[in-house]
Amino acid sequence: MPPILIVIEEAVNADAKTPLLSVRDLRVSFALDEGLVRAVDGTSFDVMPGQVLGIVGESGCGKSVTMKAILQLVELPGRITSGEIRFRRRPPGQEEGGEVVDLARLAPRGALMRDIRGGEIALIPQEPMAAFSPVHTVGDQVIEAILLHSHRWSGERKLSRREARDITVGLFRDVGISMPEQRVDAYSWQLSGGLRQRAMIAMALSCKPRLLIADEPTTAIDVTTQAQVLALLRDLQAKYNTAIIFITHDLGVIAQMASYVVVMYLGRVMEQGPVDDIFHVPKHPYTKALLRSIPSLYGETRVALPVISGSLPHPFNRPAGCPFHPRCPQVMERCSTAVPSLQPVNDRQLASCFLYNDAVEPA
Amino acid sequence: MSDAPQPLLDVRGLQKFFPITKGFLQRTVGHVRAVDGVDFTVNEGETLGLVGESGCGKTTASRCILRAIDPTGGKILYKTRAGRTVDLAALKPAELLPLRAEIQMIFQDPFGSLNPRMTLLDNVGEPLLVNGVGNRRERADRVAELLRLVGLRPEFMHRFPHAFSGGQRQRIGIARALATNPRLVVADEPVSALDVSVQAQVLNLLLELQSRLKLTFLFVAHDLSVVRHISDRIAVMYVGQLVELAPTDEIFLSPQHPYTAALMRAVPVADPRVHTTDGILGGEVPSPAAPPSGCYFHPRCRHAQARCKVEAPALREIAPGHVSRCHFAGDMVF
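Going down the list, the sequences are from chains A and B.
Quick note on numbering that gives the first Met the number 0: the first sequence kicks off at 0 and runs consecutively.
Quick note on numbering that gives the first Met the number 0: the second sequence kicks off at 0 and runs consecutively.
The hints are simulated quantities; they were obtained by calculation from the structure and are not laboratory data.
Treat the hints with caution; some may be incorrect.
So the derived list for chain A, only partly shown, Cβ under 7 Å to chain B, looks like this [stated by the list, open to error]:
1. Val252
2. Ala254
3. Gln255
Part of the chain B face toward chain A, derived, beta carbon under 8 Å [to be verified]:
4. Thr79
5. Ala81
6. Ala199
7. Leu262
Backbone N, C-alpha and C fix where the C-beta goes; we use that ideal spot for every residue, glycine too.
Pulled out of the complex, with its shape left as it was, chain A reads as follows (with noise of 0.2 Å):
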């Protein structure tokens, strides 16, 4: 008897400590006719099970696509160039453990593939309206899924339409749509925003996934459901302890939903770190001026805010060396030669700057 407690134990153990996702220095690039784009250029975080890891940055610094690499949805002419993307899958009728597969090196259209994604990382994306199809009711499309991947319901059995539509009204109940069994049938442009991003919300948790991919879940939609759609996914959250990779550029939704964050630039990790260090003490100068740079509900009105000088440049023309350098307020003379990797800083952070570590990234 010992040896099986043992074997348990050192899963739970290996469960708690060990990543559920681990990407380690992704690189994605699109080849254009113009040129090569390094949309991602050496990306790497991990993602511990039942964590809620903020992705921040501004557009063009890839945390779209890092996201699209992770499902295997990069489209052509873009390709995973190199890294890794190492995913603990589910063990049949387990909750812990499990083997460990390299997403990047999967194929996009493969079976194993396929029953990963949808089936144990699902994705909300940002445009319900978009993601729906206005042809089908939403119910259908929710179903649709649900059988695709019926063997996590109903093991060997096939589930039947029925009972996949039992499902998907309870799932619709769960997420706080109201009259659950009529909403089914109704199509997606019958809907408001709100109650349009709760049902795309039941159809990603249809699989219950590991892992949830929110990418800007609540950029198109107002102020107060914005509210209501955080507090739901912090609930269902809680409950079901699915991990999220939340991806968002407003820092607030940042702050308020997320446990650790990843602060991206140009296709790089610029710091990442605990939401209360990357808030409170942060150490990359771009994660400073970013925080600098919005307006708050506290600060004095009417004064003219700390800005980021310059802009982001074009994809074509990434700068040499450290990609802020030509923007940064501390710019030291080898940040526009030599690239700085992800280092630790402290024993929470990791900063990708020569003002704390002399670490160059080999070219």
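Please arrange chain B on chain A, whose structure you already have, making use of the hints.
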């Protein structure tokens, strides 16, 4: 009291109804009361922020002021450069023409609002051409001056919009709005499509231009922190009605309408130590075609009482310059 604020724009009882039609004959079966009796003034040289959720009528109200659409009822009193007071709502298109130069607009989408087949010279210079200002050479000089004013290099004027980033395009849109030396600028969500770092640059530019050119802004937006940063006074709209209007500091310190208070609580604060999870507003904005009885906000209001369901509150002054449309304003902390 010579330095008392002079209203440049005085909107009284503004209404805009859109007909709901049905059937083959397109019979009118009802109206969407998009803007239903809105009163406010905008003083010379100030910024009035107009906020509310989508569907509250803030964009419709601002388009009525520009006469991009014709209001159904009400008055829009505007003091012209010549010192005359005219009712924009009652003017015929021909009478409106000379005033178009004085009231200009900055659009939300910097990608959709510039003609991609026209160079910056033509895009920015078009208002001058339309108003018959100068010859080609003089217009080019003016465009160069405008581009410098918004922080762009005059050499750019022969390029096309696609060569510019979102923030640069918004600067181009601002330059075009300023081409005719306007006095009143209506800005409809001018920074909501921009990145955080660029948003700060454009907000700073707007503040700087306002003090340099003595501009008056009507700033329509949904982002409360942005509106707070730029506005002197803030007007809050809900289902086509004005529910509260007050100076910026006052409205944030002591909101006198539960909807305003709920809107403020809904803003996610960029500080993980501050939790903004209490008092989340439930439900959804009712349709302006079939608003609730009594106070339009009562089905979502946590302070609602029996009276709110039957009796529609009137807009009343709680403190000097602070009006609210709530039965309990002044007696309750929201």
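Outcome of the hint check:
For Val252(A), the interface hint holds, the least distance from its beta-carbon to any beta-carbon of chain B being 5 Å, beneath 7 Å. Taking 7 Å as the C-beta cut-off, the interface hint given for Ala254(A) holds, the closest approach to chain B being about 5 Å. The beta carbon of Gln255(A) comes within 4 Å of a beta carbon in chain B, closer than 7 Å, and the hint placing it at the interface holds. For Thr79(B), the interface hint is violated, since its Cβ never comes within 8 Å of a Cβ in chain A; the closest pair sits about 27 Å apart.
Of the supplied interface hints, the one on Ala81(B) is violated, with its beta-carbon coming no nearer than about 30 Å to a beta-carbon of chain A, more than 8 Å. Because the closest C-beta pair between Ala199(B) and chain A is about 4 Å apart, less than 8 Å, the hint holds. With 8 Å as the threshold, the beta carbon of Leu262(B) comes within range of chain A, its nearest partner Cβ sitting at about 6 Å, so the hint holds.
This entry does not satisfy hints 4 and 5, going by the numbered hints stated previously.
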